[in-house]
Amino acid sequence: MPEDLNWAIGGEAGDGIDSTGKIFAQALSRAGRHVFTSKDFASRIRGGYTAYKVRTSVDRVESVVDRLDILIALTERTIHENEDELHEDSVIIYDGERSTMQDVEVPHGATALEVPLKRLAEDAGGAIMLNVVALGAACEVTSFPIENLDESLQKRFGDKGEAIVENNKKAARMGQEYVQEEYDEEFDYSMETTDADYVLLNGDEAIGMGAIAAGCRFYAGYPITPATDVMEYMTGRVDQFGGKVVQAEDELSAINMALGAARAGARAMTATSGPGIDLMTETFGLVATSETPLVICDVMRSGPSTGMPTKQEQGDLNMTLYGGHGEIPRFVVAPTTVSECFWKTVEAFNLAEKYQTPVFLVSDLAMAVTEQTFSPETFDMDEVEVDRGKVVDEDEIGAWLDEQGRFQAHFPAADGVSPRAFPGTADGAHMTTGLEHDELGRRTEDTDVRIEQVDKRQRKVETAREQEEFDYREFGDPDADTLIISWGSNEGAMREGLELLDAEGHNVRFISVPYIFPRPDLTDEVQAAEEVIVVECNATGQFADIIEHDVLERVERINKYNGVRFKADELAAEVKQTLDPDNGTQEVEAE
Amino acid sequence: MSSDVRFTDFKSDKQPTWCPGCGDFGTMNGMMKALAETGNDPDNTFVVAGIGCSGKIGTYMHSYALHGVHGRALPVGIGVKMANPDLEVMVAGGDGDGYSIGAGHFIHAVRRNVDMSYVVMDNRIYGLTKGQASPTSREDFETGTTPEGPKQPPVNPKALALSAGATFIAQSFSSNAQRHAEIVQQAIEHDGFGFVNVYSPCVTFNDVDTYDYFRDSIVDLDETDHDPHDRDQAKDKILESDKEYMGVLYQNEDSVPFEQREGIESSMAEIPDGAPEGAMDLVREFY
Ligand SMILES: Cc1ncc(C[n+]2csc(CCOP(=O)(O)OP(=O)(O)O)c2C)c(N)n1
Ligand code: SF4
Numbered sequence: 001m002p003e004d005l006n007w008a009i010g011g012e013a014g015d016g017i018d019s020t021g022k023i024f025a026q027a028l029s030r031a032g033r034h035v036f037t038s039k040d041f042a043s044r045i046r047g048g049y050t051a052y053k054v055r056t057s058v059d060r061v062e063s064v065v066d067r068l069d070i071l072i073a074l075t076e077r078t079i080h081e082n083e084d085e086l087h088e089d090s091v092i093i094y095d096g097e098r099s100t101m102q103d104v105e106v107p108h109g110a111t112a113l114e115v116p117l118k119r120l121a122e123d124a125g126g127a128i129m130l131n132v133v134a135l136g137a138a139c140e141v142t143s144f145p146i147e148n149l150d151e152s153l154q155k156r157f158g159d160k161g162e163a164i165v166e167n168n169k170k171a172a173r174m175g176q177e178y179v180q181e182e183y184d185e186e187f188d189y190s191m192e193t194t195d196a197d198y199v200l201l202n203g204d205e206a207i208g209m210g211a212i213a214a215g216c217r218f219y220a221g222y223p224i225t226p227a228t229d230v231m232e233y234m235t236g237r238v239d240q241f242g243g244k245v246v247q248a249e250d251e252l253s254a255i256n257m258a259l260g261a262a263r264a265g266a267r268a269m270t271a272t273s274g275p276g277i278d279l280m281t282e283t284f285g286l287v288a289t290s291e292t293p294l295v296i297c298d299v300m301r302s303g304p305s306t307g308m309p310t311k312q313e314q315g316d317l318n319m320t321l322y323g324g325h326g327e328i329p330r331f332v333v334a335p336t337t338v339s340e341c342f343w344k345t346v347e348a349f350n351l352a353e354k355y356q357t358p359v360f361l362v363s364d365l366a367m368a369v370t371e372q373t374f375s376p377e378t379f380d381m382d383e384v385e386v387d388r389g390k391v392v393d394e395d396e397i398g399a400w401l402d403e404q405g406r407f408q409a410h411f412p413a414a415d416g417v418s419p420r421a422f423p424g425t426a427d428g429a430h431m432t433t434g435l436e437h438d439e440l441g442r443r444t445e446d447t448d449v450r451i452e453q454v455d456k457r458q459r460k461v462e463t464a465r466e467q468e469e470f471d472y473r474e475f476g477d478p479d480a481d482t483l484i485i486s487w488g489s490n491e492g493a494m495r496e497g498l499e500l501l502d503a504e505g506h507n508v509r510f511i512s513v514p515y516i517f518p519r520p521d522l523t524d525e526v527q528a529a530e531e532v533i534v535v536e537c538n539a540t541g542q543f544a545d546i547i548e549h550d551v552l553e554r555v556e557r558i559n560k561y562n563g564v565r566f567k568a569d570e571l572a573a574e575v576k577q578t579l580d581p582d583n584g585t586q587e588v589e590a591e
Numbered sequence: 592m593s594s595d596v597r598f599t600d601f602k603s604d605k606q607p608t609w610c611p612g613c614g615d616f617g618t619m620n621g622m623m624k625a626l627a628e629t630g631n632d633p634d635n636t637f638v639v640a641g642i643g644c645s646g647k648i649g650t651y652m653h654s655y656a657l658h659g660v661h662g663r664a665l666p667v668g669i670g671v672k673m674a675n676p677d678l679e680v681m682v683a684g685g686d687g688d689g690y691s692i693g694a695g696h697f698i699h700a701v702r703r704n705v706d707m708s709y710v711v712m713d714n715r716i717y718g719l720t721k722g723q724a725s726p727t728s729r730e731d732f733e734t735g736t737t738p739e740g741p742k743q744p745p746v747n748p749k750a751l752a753l754s755a756g757a758t759f760i761a762q763s764f765s766s767n768a769q770r771h772a773e774i775v776q777q778a779i780e781h782d783g784f785g786f787v788n789v790y791s792p793c794v795t796f797n798d799v800d801t802y803d804y805f806r807d808s809i810v811d812l813d814e815t816d817h818d819p820h821d822r823d824q825a826k827d828k829i830l831e832s833d834k835e836y837m838g839v840l841y842q843n844e845d846s847v848p849f850e851q852r853e854g855i856e857s858s859m860a861e862i863p864d865g866a867p868e869g870a871m872d873l874v875r876e877f878y
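In order, the protein sequences belong to chains A and B.
Residue 360 in our numbering sits at position 360 of the first sequence, with consecutive numbering throughout.
Residue 740 in our numbering sits at position 149 of the second sequence, with consecutive numbering throughout.
None of these hints come from the bench; they were simulated from the model.
These numbers come from a predicted model, not from an experiment.
Heads up, the beta-carbon is just placed ideally off N, CA and C, and yes, glycines get one too.
Hints may be right or wrong, so weigh each one.
Restraint-style ranges between C-beta atoms, simulated for each label pair [what the hints assert, rightly or not]:
hint: 1; chain 1: A; residue 1: Asp395; chain 2: B; residue 2: Thr801; range: 17 to 27 Å
hint: 2; chain 1: A; residue 1: Asp446; chain 2: B; residue 2: Gly722; range: 22 to 32 Å
hint: 3; chain 1: B; residue 1: Asp677; chain 2: A; residue 2: Asp471; range: 52 to 62 Å
hint: 4; chain 1: B; residue 1: Asp845; chain 2: A; residue 2: Asp380; range: 44 to 54 Å
hint: 5; chain 1: A; residue 1: Asp545; chain 2: B; residue 2: Ala750; range: 48 to 58 Å
hint: 6; chain 1: B; residue 1: Tyr802; chain 2: A; residue 2: Gly398; range: 40 to 50 Å
hint: 7; chain 1: B; residue 1: Arg597; chain 2: A; residue 2: Gly398; range: 21 to 31 Å
hint: 8; chain 1: B; residue 1: Phe598; chain 2: A; residue 2: Arg473; range: 56 to 66 Å
As a list, the in silico DSS-like pairs of lysine-lysine whose alpha-carbon atoms are at most 30 Å apart [to be verified]:
hint: 9; chain 1: A; residue 1: Lys169; chain 2: A; residue 2: Lys22
hint: 10; chain 1: A; residue 1: Lys170; chain 2: A; residue 2: Lys155
hint: 11; chain 1: B; residue 1: Lys605; chain 2: B; residue 2: Lys742
hint: 12; chain 1: B; residue 1: Lys605; chain 2: A; residue 2: Lys390
hint: 13; chain 1: A; residue 1: Lys169; chain 2: A; residue 2: Lys155
hint: 14; chain 1: A; residue 1: Lys390; chain 2: B; residue 2: Lys602
Please model the entire structure based on the sequences and the hints provided.
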């Protein structure tokens with residue numbers, strides 16, 4: 001029996017799959033078990049296959065795998081969709097009394113438990129609770145103490161009144177008892193509980209929380225999957241800290257509102273996904289040339305165009321790195337885990353204000369919809385530092401006035417960073433134009449001033465390279481001949497893949513890079529390795545191209561762009577095949 | 592805010608590069624007068640401008656200012672005001688900037704009713720790109736890109752504003768210095784989005800909508816019995832497409848600015864050195 005357990009509920013969108021999955025995930029987390037969730041969903045509100053998957057263990061889990069142990073199937077399609085992941089010890093819970101579920105074929109010798117979910121739910125007080133009946137049944141199969149479910153039911157339904165909570169608890173118990181009484185099979189699954197107290201959150205929520213912690217007060221955005229959760233998280237919450245979320249009429253407006261707020265002195269952010277980034281591109285240059293600190297978050301999804309809105313991809317790297325006409329000094333930071341979504345957001349605000357530039361915070365759908373458990377100290381708010389950079393007040397502004405008493409908001413300082421006066425500061429009045437401007441912010445076409453200002457803005461990046469640590473995270477064996485490099489949300493799957501590879505005698509060094517620009521220099525690391533493989537969720541290998549460009553050496557690539565995130569076991573197999581292509585070729589030929 | 596501010600304090604030392612006689616000179620002077628009259632000074636004022644000859648206005652004025660990208664000045668202004676309601680925010684631009692590329696933002700800025708003023712220098716032409724048809728150009732107005740005229744009726748920005756729920760709509764004429772300054776002043780004093788369409792003739796590219804044309808045709812609402820608080824009267828005046836009016840067409844005295852409705856009371860610029868007090872509660876929510 002594996003240490004960890006993989007559980008899923010699947011059905012049609014609109015069946016309450018998400019909330020049921022979340023109730024279970026929260027119950028596990030409250031019972032001191034680690035949780036890693038993922039979602040399969042389609043871009044429609046009702047109808048269409050959707051599933052919520054939970055991987056849980058007493059040890060940390062960092063990825064999904066190709067294996068399902070317990071499956072609650074509300075539709076027959078749920079079984080087909082997950083057929084490949086089922087095995088002979090899998091248990092499928094379904095309602096055999098439903099007309100659509102009468103001739104269910106159970107694959108791979110799995111055990112099917114027919115539970116009259118709907119009928120039991122009706123007995124408990126309403127058919128709507130059939131999912132909760134199924135949760136109760138799952139508790140029995142996995143020997144998971146059902147009391148742990150009660151608290152999450154309370155959390156989910158508490159607002160609707162005690163009666164509803166009680167009915168749901170009853171529904172869960174009816175599912176549990178039904179399995180107990182009707183099936184005397186012993187299931188080999190158990191779920192140990194611990195005393196640990198975990199919090200459970202996803203990447204979008206971590207970004208929103210990081211933003212508020214970092215002092216972000218103004219958020220403007222336009223809804224788009226999978227970035228909307230950032231906006232929904234901040235709505236209502238940032239107000240408690242004196243801020244506001246504005247739903248703009250489009251992304252052009254959103255980024256310009258955020259820019260306006262930032263110029264007024266607020267820490268400001270906007271978040272969107274690929275199509276929204278396209279619309280915002282026009283303003284990237286204005287942010288940079290007006291030297292306004294702004295955090296622009298791109299939660300990537302499958303492109304191009306509207307692509308696959310609910311599917312994973314890391315295809316916007318070039319867009320955030322090069323998007324916009326002319327040359328735009330910027331930072332591109334890409335968190336690699338859910339908790340890093342929090343910390344890198346905090347860092348993004350500091351970079352933006354210290355260097356007065358746009359900072360692209362690049363996340364992806366897989367991270368946005370993944371909920372993961374953490375000990376609360378992972379987000380220790382005492383560790384949050386706020387660096388607002390060179391803000392000058394009334395008393396300090398004198399040092400930055402020219403002979404005529406004019407504030408030099410774009411003074412070509414040696415480090416490239418000029419003083420900033422928030423509007424309202426006496427003697428600070430100045431204009432900034434997106435046209436090329438002089439140190440006073442006034443339009444110019446003077447060739448010398450042009451060069452001076454371009455150089456000044458570019459120097460920020462040089463200064464940051466000297467002052468900041470744009471490093472990487474490292475796992476595996478530092479002396480291994482095989483080096484794997486990835487960015488973004490692939491870290492978890494690769495880390496677990498390392499263990500699988502190690503168990504088979506493949507020694508691997510793994511570098512996970514959270515900084516796209518500026519980024520760590522990997523020349524020594526690449527040169528020290530015999531084989532270098534860059535792993536990313538896109539077709540062309542955008543990050544691999546960058547590495548080749550930096551190091552002037554060819555690298556191997558593992559690319560996935562079918563819309564599904566990497567899984568640990570699949571990734572390990574891909575690595576093996578890349579290292580030993582003959583094996584793979586033979587397999588393909590034999591098919 | 593000092594009471595001895597004069598309108599010249601809002602003038603920058605940059606000489607305008609507008610064509611001699613351009614209507615924008617008068618428009619700008621009136622804006623500076625109105626700002627001074629309403630007790631503002633350059634250090635508490637934020638001017639946002641779009642792109643076009645009109646958009647250069649921020650460069651020639653002295654205040655906190657941003658000259659942004661084409662058509663997007665309004666969202667910038669909204670962001671500034673929401674982040675610091677203590678600032679006096681004025682947005683300026685041209686008819687192309689505001690009613691063509693920025694038309695979407697215009698409608699939504701009107702709806703949002705943030706307390707700021709929006710001054711559009713309407714010359715019924717694209718000046719800076721050297722004379723193409725603008726959304727307010729006449730249907731038969733011949734230009735290099737529309738040799739037989741745009742063949743579509745001009746937009747009526749005041750009607751757009753009214754239908755979007757505007758709380759203040761005014762029309763002004765840059766060459767009538769005194770009235771123009773008064774009208775902009777009323778827009779500033781209005782609690783909400785003060786929209787002023789200013790006839791600001793382009794002497795270089797528009798030989799139809801000239802000073803003479805406006806002088807001869809414009810009617811001052813102050814000399815009529817127009818009641819700006821009567822929405823139906825305002826609607827009738829605004830829809831008279833063959834008439835040019837000067838003055839406040841419509842004002843809703845019950846207007847409550849958006850930022851007030853949202854409960855924003857103070858500047859968002861002040862934040863603590865670390866995470867705000869109580870931030871750990873944000874984490875505990877995820878238990
Ligand atoms: C995105 C974008 N498209 C086009 C332009 C070119 N452009 C500059 S000004 C202008 C028209 C301005 O017309 P209007 O707003 O009427 O101002 P005016 O110059 O007449 O005062 C255009 C199309 C631009 N700067 N940016
Ligand atoms: S081109 Fe027209 S609008 Fe532009 S400055 Fe000259 S007169 Fe004014």
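Hint-by-hint comparison with the structure:
Roughly 52 Å separates the CB atoms of Asp395(A) and Thr801(B), a value that falls outside the hinted 17 to 27 Å. For the pair Asp446(A) and Gly722(B), the beta carbons lie near 28 Å from each other, so the given range of 22 to 32 Å is met. A hinted range of 52 to 62 Å for the beta carbons of Asp677(B) and Asp471(A) is inconsistent with their spacing of about 42 Å. The hinted window of 44 to 54 Å between Asp845(B) and Asp380(A) holds, with their beta carbons roughly 49 Å apart.
The given range of 48 to 58 Å is respected by Asp545(A) and Ala750(B), whose C-beta atoms sit roughly 52 Å from each other. Distance hint for Tyr802(B) and Gly398(A): a CB-CB separation of about 46 Å, consistent with the stated range 40 to 50 Å. In this structure, Arg597(B) and Gly398(A) meet the distance hint of 21 to 31 Å, their C-beta atoms being roughly 24 Å apart. The hinted range of 56 to 66 Å is satisfied by Phe598(B) and Arg473(A), whose Cβ atoms lie roughly 59 Å apart.
For the hint pairing Lys169(A) with Lys22(A), the CA-to-CA distance comes to about 16 Å; that is within 30 Å, so the pair holds. Simply put, Lys170(A) and Lys155(A) have alpha-carbon atoms about 16 Å apart, close enough for the 30 Å limit, and the pair holds. With a C-alpha separation of about 40 Å, the suggested pairing of Lys605(B) with Lys742(B) is violated against the 30 Å cut-off. A threshold of 30 Å between alpha carbons decides the hint, and for Lys605(B) with Lys390(A) the separation of about 27 Å falls inside it, so the pair holds.
Using a Cα cut-off of 30 Å, the hinted pair Lys169(A) and Lys155(A) holds, with the two alpha carbons roughly 12 Å apart. Straight-line distance between C-alpha atoms of Lys390(A) and Lys602(B) comes to about 27 Å, which keeps the hinted pair within the 30 Å bound.
Violated hints, in rising order: 1, 3 and 11; the structure is consistent with all others.
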